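A.B. asks: If you read the sequences in order, they're chains A and B. Residue numbering for the first sequence follows the working numbering, starting at 320 and increasing by one per position. Residue numbering for the second sequence follows the working numbering, starting at 2 and increasing by one per position.
It is worth saying that the hints were derived from the structure and are not from the lab. Quick caveat, the model's predicted, so the values are computed rather than measured. Note that beta-carbon positions come from the ideal geometry of N, C-alpha and C, so glycine has one too. Keep in mind that a hint or two might mislead.
Said to hold, decoys possible - Pairs of lysine-lysine residues, derived as BS3-like cross-links and limited to a Cα-Cα distance of at most 27 Å, are as follows: (1) B/25 / B/69; (2) A/382 / A/322; (3) A/336 / A/420; (4) A/378 / A/336; (5) A/420 / B/69; (6) B/25 / A/420; (7) B/25 / A/378.
Said to hold, decoys possible - Here are a few chain A residues that sit away from chain B, every Cβ distance over 12 Å (derived from the structure): (8) 325; (9) 408; (10) 410; (11) 422; (12) 426; (13) 433.
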Amino acid sequence: SQKIEQNSEALNIQEGKTATLTCNYTNYSPAYLQWYRQDPGRGPVFLLLIRENEKEKRKERLKVTFDTTLKQSLFHITASQPADSATYLCALPLSNFGNEKLTFGTGTRLTIIP
Amino acid sequence: DAGVIQSPRHEVTEMGQEVTLRCKPISGHDYLFWYRQTMMRGLELLIYFNNNVPIDDSGMPEDRFSAKMPNASFSTLKIQPSEPRDSAVYFCASSRDRRNTIYFGEGSWLTVV
Chain A
320 SQKIEQNSEA
330 LNIQEGKTAT
340 LTCNYTNYSP
350 AYLQWYRQDP
360 GRGPVFLLLI
370 RENEKEKRKE
380 RLKVTFDTTL
390 KQSLFHITAS
400 QPADSATYLC
410 ALPLSNFGNE
420 KLTFGTGTRL
430 TIIP
Chain B
2 DAGVIQSPRH
12 EVTEMGQEVT
22 LRCKPISGHD
32 YLFWYRQTMM
42 RGLELLIYFN
52 NNVPIDDSGM
62 PEDRFSAKMP
72 NASFSTLKIQ
82 PSEPRDSAVY
92 FCASSRDRRN
102 TIYFGEGSWL
112 TVV
């Protein structure tokens, strides 16, 4: 089975700075890794997917990296805003499976301080 | 599209009672998932369906839990009898296929007292 660790339960960042969240996994390296955002009282919302052969993926102010040697993904939010405050989850599929067997990390609660 | 629709949004029930959670997936989506989220264990996959057929229920914690999908637009997750440790948020999600984005509903917040 796969174990996922996300750095610290909570992270406080000053508005305008870059927030960096970490996702570490054990065992095998997945074909891809996903990041989700979850607001209080809401369901997770898909943000980005990065494949094992991609080093970096960007979407507006979001950037994700994937290092299969370190077994780690980093999620960056540049020029952070209070509206970015949420819990961010990383997820990856079990070996030989797709999205039908995703394992989620417990998440990092990000707070952007004005 | 309306997204994945779940009901009830909140339910408080007494231990021993039967609980039924309902889900309407996004139209055209062939996969339906039931997840459970708790502070201690995070988000866990309970069961998933493909074309209304249960494929993998290995995440279902006990025989007290059962799930059905009688047609492409409706699924239920039933807990009978319910116990306080079943208190959690239960999410239904759907996707077009195993490679596409998973869309989650807003969740059903269950409290068993």
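A.B. asks: Hint by hint, say whether it matches the structure.
C.D. replies: Results of checking the hints against the structure:
1. B/25 / B/69: holds, 12 Å
2. A/382 / A/322: Satisfied, since the Cα-Cα distance of roughly 23 Å is no more than 27 Å.
3. A/336 / A/420: violated, 35 Å
4. A/378 / A/336: holds, 17 Å
5. A/420 / B/69: holds, 19 Å
6. B/25 / A/420: holds, 20 Å
7. B/25 / A/378: violated, 30 Å
8. 325: violated, 9 Å
9. 408: Nearest chain B Cβ is 7 Å from residue 408 of chain A, so the label is violated.
10. 410: violated, 8 Å
11. 422: violated, 8 Å
12. 426: violated, 7 Å
13. 433: holds, 27 Å
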